[in-house]
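J.: In case you want the letters, here they are:
4 protein chains.
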Amino acid sequence: MSFDYKIADISLHEAGRHQIRLAEHEMPGLMALREEYAESQPLAGARIAGSLHMTVQTAVLIETLTALGAEVRWASCNIFSTQDEAAAAVVVGPQGTPENPQGVPVFAWKNETLEEYWWTASQIFAWPGADEDPSKGANMILDDGGDATLLVHKGVEFEAAGGVPSAQEDDPEEYRIILETLRKSLSENPQRWTGVAENLRGVTEETTTGVNRLYQLARQDALLFPAINVNDSVTKSKFDNKYGIRHSLPDGIMRATDVLIGGKVAVVCGYGDVGKGAAEALRGQGARVIVTEIDPINALQAAMDGYQVAKLDDVIEQGHIFITTTGGKDIISAEQMSRMRDKAIVGNVGHFDNEIDMAGLAATEGIQKIEIKPQVHEWVFPAGHSIIVLSEGRLLNLGNATGHPSFVMSSSFANQTIAQIELFAKSWKSGYTGEDAYASDVYTLPKVLDEKVARLHLQALGAELSELTKDQADYLGVDVAGPYKPDHYRY
Amino acid sequence: MSFDYKIADISLHEAGRHQIRLAEHEMPGLMALREEYAESQPLAGARIAGSLHMTVQTAVLIETLTALGAEVRWASCNIFSTQDEAAAAVVVGPQGTPENPQGVPVFAWKNETLEEYWWTASQIFAWPGADEDPSKGANMILDDGGDATLLVHKGVEFEAAGGVPSAQEDDPEEYRIILETLRKSLSENPQRWTGVAENLRGVTEETTTGVNRLYQLARQDALLFPAINVNDSVTKSKFDNKYGIRHSLPDGIMRATDVLIGGKVAVVCGYGDVGKGAAEALRGQGARVIVTEIDPINALQAAMDGYQVAKLDDVIEQGHIFITTTGGKDIISAEQMSRMRDKAIVGNVGHFDNEIDMAGLAATEGIQKIEIKPQVHEWVFPAGHSIIVLSEGRLLNLGNATGHPSFVMSSSFANQTIAQIELFAKSWKSGYTGEDAYASDVYTLPKVLDEKVARLHLQALGAELSELTKDQADYLGVDVAGPYKPDHYRY
Amino acid sequence: MSFDYKIADISLHEAGRHQIRLAEHEMPGLMALREEYAESQPLAGARIAGSLHMTVQTAVLIETLTALGAEVRWASCNIFSTQDEAAAAVVVGPQGTPENPQGVPVFAWKNETLEEYWWTASQIFAWPGADEDPSKGANMILDDGGDATLLVHKGVEFEAAGGVPSAQEDDPEEYRIILETLRKSLSENPQRWTGVAENLRGVTEETTTGVNRLYQLARQDALLFPAINVNDSVTKSKFDNKYGIRHSLPDGIMRATDVLIGGKVAVVCGYGDVGKGAAEALRGQGARVIVTEIDPINALQAAMDGYQVAKLDDVIEQGHIFITTTGGKDIISAEQMSRMRDKAIVGNVGHFDNEIDMAGLAATEGIQKIEIKPQVHEWVFPAGHSIIVLSEGRLLNLGNATGHPSFVMSSSFANQTIAQIELFAKSWKSGYTGEDAYASDVYTLPKVLDEKVARLHLQALGAELSELTKDQADYLGVDVAGPYKPDHYRY
Amino acid sequence: MSFDYKIADISLHEAGRHQIRLAEHEMPGLMALREEYAESQPLAGARIAGSLHMTVQTAVLIETLTALGAEVRWASCNIFSTQDEAAAAVVVGPQGTPENPQGVPVFAWKNETLEEYWWTASQIFAWPGADEDPSKGANMILDDGGDATLLVHKGVEFEAAGGVPSAQEDDPEEYRIILETLRKSLSENPQRWTGVAENLRGVTEETTTGVNRLYQLARQDALLFPAINVNDSVTKSKFDNKYGIRHSLPDGIMRATDVLIGGKVAVVCGYGDVGKGAAEALRGQGARVIVTEIDPINALQAAMDGYQVAKLDDVIEQGHIFITTTGGKDIISAEQMSRMRDKAIVGNVGHFDNEIDMAGLAATEGIQKIEIKPQVHEWVFPAGHSIIVLSEGRLLNLGNATGHPSFVMSSSFANQTIAQIELFAKSWKSGYTGEDAYASDVYTLPKVLDEKVARLHLQALGAELSELTKDQADYLGVDVAGPYKPDHYRY
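Protein sequences, first through last, are from chains C, Z, Y and B. Numbered according to numbering that gives the first Met the number 0, the first sequence spans residues 0 to 490. Numbered according to numbering that gives the first Met the number 0, the second sequence spans residues 0 to 490. Numbered according to numbering that gives the first Met the number 0, the third sequence spans residues 0 to 490. Numbered according to numbering that gives the first Met the number 0, the fourth sequence spans residues 0 to 490.
Don't read these hints as lab results, they were simulated from the structure. Fair warning: this is a prediction, and the values are worked out from it, not measured in the lab. Take the hints with a grain of salt, since some may be wrong.
No distinction is drawn between identical chains; accordingly, a pair holds when it is met within one copy or between any pair of copies.
[Stated by the list, open to error] List of simulated lysine to any residue pairs, SDA-like, C-alpha gap at most 25 Å: (1) Lys469 / Phe351; (2) Lys183 / Asp473; (3) Lys446 / His487; (4) Lys310 / Asp3; (5) Lys446 / Asp486; (6) Lys469 / Arg340; (7) Lys469 / Val314; (8) Lys328 / Asp473; (9) Lys109 / Gly433; (10) Lys109 / Glu38; (11) Lys484 / Ser332; (12) Lys368 / Glu13; (13) Lys342 / Gly461; (14) Lys5 / Ser439; (15) Lys328 / Ala472; (16) Lys310 / Leu113; (17) Lys372 / Gln94; (18) Lys484 / Asp440; (19) Lys310 / Glu156.
The task is simple: from the sequences and hints, build the whole structure.
T.: What follows is the structure, given as structure tokens:
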């Protein structure tokens, strides 16, 4: 075998390859980039450590990155989200065989333990020879949720401190495992992460949560390299978050439960982009949607869009379906779950599983947990009634369905690819000294690149774009080729 | 083993039992009927030959029928639609074990051949001792699509003619198999079906297609027993057809293809109840929906609902998704499929698989068929482009998803149960001689029973019904308890 | 002046003529009938007494009837609904002048008193010479709400009884006026209405309310001539009621109040066709819609369409807008109005003004009524808060807007025209003796004529109808030219 | 009479006062500000020159400004948009009489000429004594579209140049009038505008168009005082533009034409906030909506929302209704109008009347213009067909309806009021020297003030806001009291 990897079963590669071929058709943005950059190979020399759900769509992203010249190592950013056949196909590669894989090293399989998860996260930095010579290691991170970036920053921090602290009593279980992972690392090589960080030119980050962490680091002047906030490209946040969830939320609920959504009362916690997509999908299926919000602007939007805006406590007995979309925590408490209707469905499409108080639920005295099928559990309260929790409170659209569909991921991933190209070339850590060099701060992509991503997807939908005349463009004070809007424009 | 049956794997019964328990919660209509009739046992003495998709929901129906006193034998009405764990659970019964099944004889498994299918159809009439003494056989049919009813009528016809005719050259393959099945039957017992028919008090029929056959028989004075058209209860046709498809169509497309529906052009052939539900679901997912129709009234409804109404030929190059909902035939031709966009998705939620010309597609010179996964096939035209056909042109909501969800089936099946009670008691063949006896004709349920079915489902949705005062009812000229509308009212 | 009439101001005729010309463009059904029957003149010899809102659209209907050969006299069926310029234009006629009107005698103006209203109703039967020779009088009625038909039936009844009874204490004010009108008539000619009834071949009735009256008469064997129920043509009830209200309800609310509908809580009482259109319109404007219903089937439809279904009392404090759509009475009581939010808007698009208890409201102690503008009144409760009542509780879409738009009226009125043609030719009172002669009962139009009306409207919308092949039609058991559906089909 | 003003008819003041009282109920944001600042009087000393549509809602704004201590002079920013009764009521004031007006000087009436319009614009700067002592003049501008700001800047420019240039041949008619207005001003007082500008502390601007002008000035370092861009407050741009148009567009079309929107093909040019509201409103009325766009991101949004995206030329024959929403120019050409369907409706809700080429239309050889009613014209092409143009191509929601409803204006105007308070206190020209002083640049309001505006409107809708716990807020890294989102968040 030509390289190390760890996946579920490499023999699944053919099934994966079929799916990749179909997904490519639904990812016109990535395919257009492959064509545009076939010759110039802007990622030649890039060694990308990728941490993002190892799905079929990600496979098309990975193969786009390599088509542009990059070398890649990959892990999933979620213990449940890997599609094993996609992992297998990426490892084998389009030209390889299971015996002679010619693809990309992947460290991901469906249903990892947390220990395994953090091991895979460290493996994407374990480039051959890098421990000895950091310049042979990763020089780019492509991150989703910020775990890869976190590992590097914590590693550097503890290496500087000369050791890994003990976990505190109230630290979450997962943080103990991170500490353990790093403790083992420092014992092997006490300067590993310092070397890794040195060599990194930058990170491109996919999600709100990861982006928030980056802005925190930047505010604390602790960011070790430049970052591009891909999440806030319009063609990411307003597409993936909204239109992706619109598709994958009902998909997940339907696959998990086969329960009719029509006629039911669905409570959507949060009315950000994800919540907007969730509410639209549920209404589109004939549910009556109630929204909870803490932000008065979003709350007013929900009201103006015709939804009831209520406090969760006031509608806890009414809902048949409860969906969290917030990125916050403790959105639904165990006590609230105990007051829901019999067989109410509870699921999360926000970010972490702490949006729903799963720990509190499990700690409820006398509660019984029955597995209906994988990722679908009935929690029976002592009083006899029960609720159905999807994907253990983790992202149900990934756990119970297959995540965002290819087309929206094409938009997100075209942003990722363009961001990798930008940062690989123009990070100050690339030695680039132009005025537009990226410092160790957090950036969004220039609007004209955002518009480019949109443009790449219109034709596939049969949408015909109009063109400004020079005269009209002058009247508006914009260029015929864009960008067309001021930066503060909200779409 | 206490009785004969043929299912895939009886050991699946526990999984099925779990699902049945959850489905019961979503079928408030059936559960209310169990409660209402627990004591009176109105189906005591009924022996029901059932032919209807052997799903989890049907399991709840079957166990409702037995809870009301009936004996039951069951087959599926579609070769793909059986959920094997549901069949196993019904065979075993709530109190039985695989070794000592105490449920209902079922003859159904996923993926039957057509020969097997027609064998199972004959088995629901093969009651122990019935061949010798027809009065021990089935006295009721519960039918979906009319195959069980067809078998009896053809059997009687051929037995009267003294033999089964040869198939004609242009007879469909399936008809040859029916003839073969009956030829074998006549060779075993030349008066079997005559005896079966004699003993039958009536049939309750689920679908448009089956109902159309019944009306044809009635017009030809060839109907051998009374029939209740369950399909045209408002709480069936306007609920199951419309709201069921609204759920199960996107479910099927999503599970089959994972392709984003949003932004795509979806062509819905037909704007009857099924088409209305399909169009609403696809629009609810952000697709642009184009409707084709032959009925000017339905076409005008589609236009007034904001859909483009076009001829299929005029939009064949535009569509990304094509769905037939008509109950007709040759709605999409092979030639039209060859002109579709690359990777266009083609599926049927109407009735038979001849809505899409699958035979013509298979006969296209140089075409190649690739199985992406079960029930999802890519057909590659010689020119290189391909289309994705779901469920081989059969009902995709059954083949690629799990059919209508429990809640809508509760409404349909509450109608079925009430219709079985009506007909078992009041068929002229039951010896009933009241003025309201059912003759050998086709009937719909009285409106007040239709309203009863609706009433049984409101509470579960949290819907609060208002009540007329006596004074208001008098003003409207109706009874406080209903029925509230004239028979011609269209809802 | 060549004939008697009574309208507001004949000089408005030019403005009316402009509007009629524009309305003709929006009434493709009527214009197509003018073309189709230009030569055959199927209404030659018909003398039609018309009682229907005297709007611009009705003007196009009247001129269609005359274009087909009829003579016509017209009154409005509502004291508020006349558009004075339309009345003027119809009186003058396309070729006439105010000095030499060549149109149709009209007795209608905006804001009639009830006494005037019933006088106009009697005038449409006052054909020159008819009092002496009833055969010179009206031979057809075109009715909306049944007032013209009521007048004839009551007249005949009292003439047979030899006198008009006194009003009872609890008779509504309006009934006293009817009695007074007839008392005067009997004193002039004690056999007038008997003669009128004798000469009438039939009535075509527009609305649910009028149709209900006709069915009551038929059940009592008291119907004096055949009736065609135009209301229940699909292209009437499912178009005019639903799509007309969808347009004219928000139109009326907006013109009356300029209050933002978006974000508000709108309570729609009733979910029949009118209620469905109302709910859709209000949701389409971003309101949160709550439905009240007494029919469990309609209630279930509302729930499945995603609306909250509640009892009015439970949501009386929540609503910003309350709309009655029922055709019933006492839907909103004065006491309930007193509990509404300050400045809640209350209106009716059902039938009579007794849906909202206006009498009770006016009788509330200490209440104050302020006219904001014509047809918009603020009722200030002694406690200081107030509600806004539209059109005094009468039809707000007529009183505050201009009623259904031309296009839906084209559909309704094409049914009216076709029904007049049918009945004029084939009433038993026409001397017609064919098998399909209309007896003194209530009929709906044959489905194929209903389909014809739809067909006449498709092209104007750019909708392209598909056509069945002979083979497909045979498969479905229908004729290529229709009708396509069984009579019980609900659309 | 206590002050000079020019309005249509002061006797209309009572009608206006009624409407203002009702509007106040629908403007909870402004009423809450009156309460909050009743005591502190933050605008005491402010002399505001206001240029904004003189409607009933603006009357509530004006009286809010005076309730906070300001003195005000007002003109409309559009020649058609004044509601005369609102102007009258504002002039008279709540306590005044026509003989002794105690309100605010207003210079606005419905249907001004362009000459009159620019005269009114100059009157809002003509404070008593200001010509002699500029410090007695306006110290704040409240602007909509930027005309008041333009007048000041052009005045200063020409005064510095020592004279007003001649109009160029291709200058628009309106520009000639501006030049003429200033020429007259310079002849009266050659330093008037220089004095005015000196004394101004800043401008708060309502619309995209005005804001664009401000950013241009700022880029050229030509902005004479600070500006707050109210347009881009979320609670302005995403509410007024979107939800306001959703209401007032169908309102305008319905009042103008009474044409059924349902079933029609509506072409919406532009899919910004205004276009989104327009498309939603038309779809909500059952129209089939086609969108044209030049920005690929907005185009992709339109496609994902289920609309057809096309070039105008490709659908010019299909549309029944064409609406421009762009803020650009020459969106619909005269030649395109000549190819539309007979009686197609054409209207603009963008900004200026040059979105539709009205000049080109008028110049079409042989064209005939018929006034159907005020603001509704039929343009008959020589070939015989015609189109209906609303409001002469100016804003139809103002010309044919009454503009945005009070509730959305409450949101916009609460932003205006807060911006006036901010700028009056903290402009560098106020002598304020804090770190957060506003320089002569363009600013948007701090997000927490934007959230405040939203908060002020929730209760009136019955929306219940949830509250973060301290723990949840810390987790998100925000303050419990907000702001909740980063500045780049798009809502």
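J.: Looking back at the numbered hints, which does the structure fail to meet, lowest number first?
T.: 2, 4, 6, 9, 10, 14, 16, 19
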